[in-house]
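If you're matching them up, the sequences are chains A and B in order. Numbering-wise, this note's numbering comes out as the position in the first sequence, counting from 1, plus 5. Numbering-wise, this note's numbering comes out as the position in the second sequence, counting from 1, plus 21.
Note that these hints are calculated values from the structure, not bench results. Virtual Cβ for every residue (Gly too), placed ideally from N, Cα, C. Check the hints yourself; a few may be wrong.
What the hints assert, rightly or not - So these bits of chain B aren't anywhere near chain A, every CB distance computed over 12 Å:
id, residue
1, Ile25
2, Phe33
3, Asn39
4, Ser43
5, Arg65
6, Ser88
7, Pro96
8, Thr98
9, Asn105
10, Val134
As the list claims (entries may be wrong) - Not everything, but these chain B residues come out facing chain A in the computed CB check (under 8 Å):
id, residue
11, Asn49
12, Ala52
13, Tyr54
14, Leu64
Chain by chain, the residues run as shown.
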Amino acid sequence: EDKVVQSPLSLVVHEGDTVTLNCSYEVTNFRSLLWYKQEKKAPTFLFMLTSSGIEKKSGRLSSILDKKELFSILNITATQTGDSAVYLCALKWPGGGADGLTFGKGTHLIIQP
Amino acid sequence: DGGITQSPKYLFRKEGQNVTLSCEQNLNHDAMYWYRQDPGQGLRLIYYSQIVNDFQKGDIAEGYSVSREKKESFPLTVTSAQKNPTAFYLCASSITGANLYGYTFGSGTRLTVV
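With the rest of the complex left out, here is chain B (with noise of 0.2 Å):
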């Protein structure tokens, strides 16, 4: 079936800490995202891709990183930047061209500094 996974499901991470959430798609959708929801703030653009070896910042992408090696792949960083990481995460991803159609959802990672 195709899909797109995310994981872990939950994550702690001790301040200081870098750690780093996986995205795999199967879809062979060419572009991919990362949103992050905290509660009352709905989902809000960290970074996107729109093909390999490239990709762009969204609205707070202040403490994190992105790479997209390979089409299937678009892992985040939470660095010892990001001052509030703990939030859930999501990874999506989509045709590209002048489509009208949304995103495929991933299953979200719940990320807990502790």
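Extracted from the complex, chain A is given alone in its bound form (with noise of 0.2 Å):
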């Protein structure tokens, strides 16, 4: 039984496009909710979210997290090619492995020119 479930698996828009990639999970006692990317090699991390309906932004990617009905959203922007990546949503939560990440599987996400 998945702990981080993200959708959609894959996703395929044009540049320009505004996306929104979901998270949702199970586990309540968590210390925080994580974003990453991850292009070719190591997940680059994005945003870390601890507190219900705070958004944070940089850029044109923004992320809020819903600690009621168990999710967070990531949204992208005015997409560019540059975008297109694995995105990971991850938990850090005591049963993770010594308070580690429990990840999803990830949203491939590719930006047609």
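Once you've looked at the hints, go ahead and assemble the two chains, each given alone in its own frame, into the complex.
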């Protein structure tokens, strides 16, 4: 049973479109929810969310957490081909291996020119 | 510069061979982790270690072994008992305690069985 479920698993859009990636989870005793971007190798950190309803923003990317409904979304506006990547959602919680991270399967995003 | 280094980047293994993947960090992090990544499967935890000379099995430890003799180093051995070892392997480290933050990742090792 997956603790972190991401949807969609893959998504193809055209440059300039806006996309919303979803992450739902079952764990309630988590410390933080994190989003990563993975292009070819190591995932790179995007956002860390701990409080419900507070939007984190970085350029064209933004993310928000809903602790009541147990989900988070990652928005990317005015997408560019450089946004093509796998986007990973992860929970930091005591059951995730020594207070480590449990990952979703990721959303593979492809931005077509 | 502080960071986490994995080597080699690419590794080819013949069936029946053991191979060892290296992971070294100079971040003074106590905790280190090994993940396996397959297409469509996300990252799955193999082993983790919170302190030197101690490590714990993750979700998919069968066919793998680790050691943690030094704080900086957490090598992963893929044994011949691992029936499907072809995958991308990521090492990560973090500080321990009730902190909020995630990991620092290495660049990964892509292992292929030939």
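Here is how each hint holds up against the structure:
Non-interface status of isoleucine 25(B) relative to chain A is broken: a Cβ of that chain comes within 12 Å, the nearest being about 8 Å off. Every beta carbon of chain A lies more than 12 Å from that of phenylalanine 33(B), the smallest distance being close to 18 Å; the non-interface claim holds. Non-interface status of asparagine 39(B) relative to chain A is upheld: no Cβ of that chain comes within 12 Å, the nearest being about 24 Å off. With 12 Å as the threshold on Cβ separation, the claim that serine 43(B) sits away from chain A holds: the shortest Cβ distance comes to roughly 15 Å.
At roughly 8 Å, the least C-beta separation between arginine 65(B) and chain A is not larger than 12 Å, which violates its mark as non-interface. At roughly 17 Å, the least C-beta separation between serine 88(B) and chain A is larger than 12 Å, which holds for a residue marked as non-interface. The claim that proline 96(B) lies off the interface holds: its Cβ sits roughly 18 Å from the closest Cβ of chain A, which is beyond the 12 Å cut-off. The claim that threonine 98(B) lies off the interface holds: its Cβ sits roughly 19 Å from the closest Cβ of chain A, which is beyond the 12 Å cut-off.
With a closest Cβ-Cβ approach of about 18 Å to chain A, asparagine 105(B) is found to remain outside the 12 Å limit, as its non-interface label requires. Separation of valine 134(B) from chain A is adequate, the least Cβ-Cβ distance of about 20 Å exceeding the 12 Å criterion. Interface hint at asparagine 49(B): violated, since its Cβ lies 17 Å from the closest Cβ of chain A, which is beyond the 8 Å cut-off. Nearest Cβ of chain A to the Cβ of alanine 52(B): about 6 Å, under the 8 Å cut. The hint holds.
The criterion of a C-beta within 8 Å of any C-beta in chain A is met by tyrosine 54(B), whose closest approach is roughly 6 Å, and the hint holds. For leucine 64(B), the interface hint holds, the least distance from its beta-carbon to any beta-carbon of chain A being 4 Å, beneath 8 Å.
Checked against the numbered hints listed earlier, the structure breaks hints 1, 5 and 11; every other hint is satisfied.
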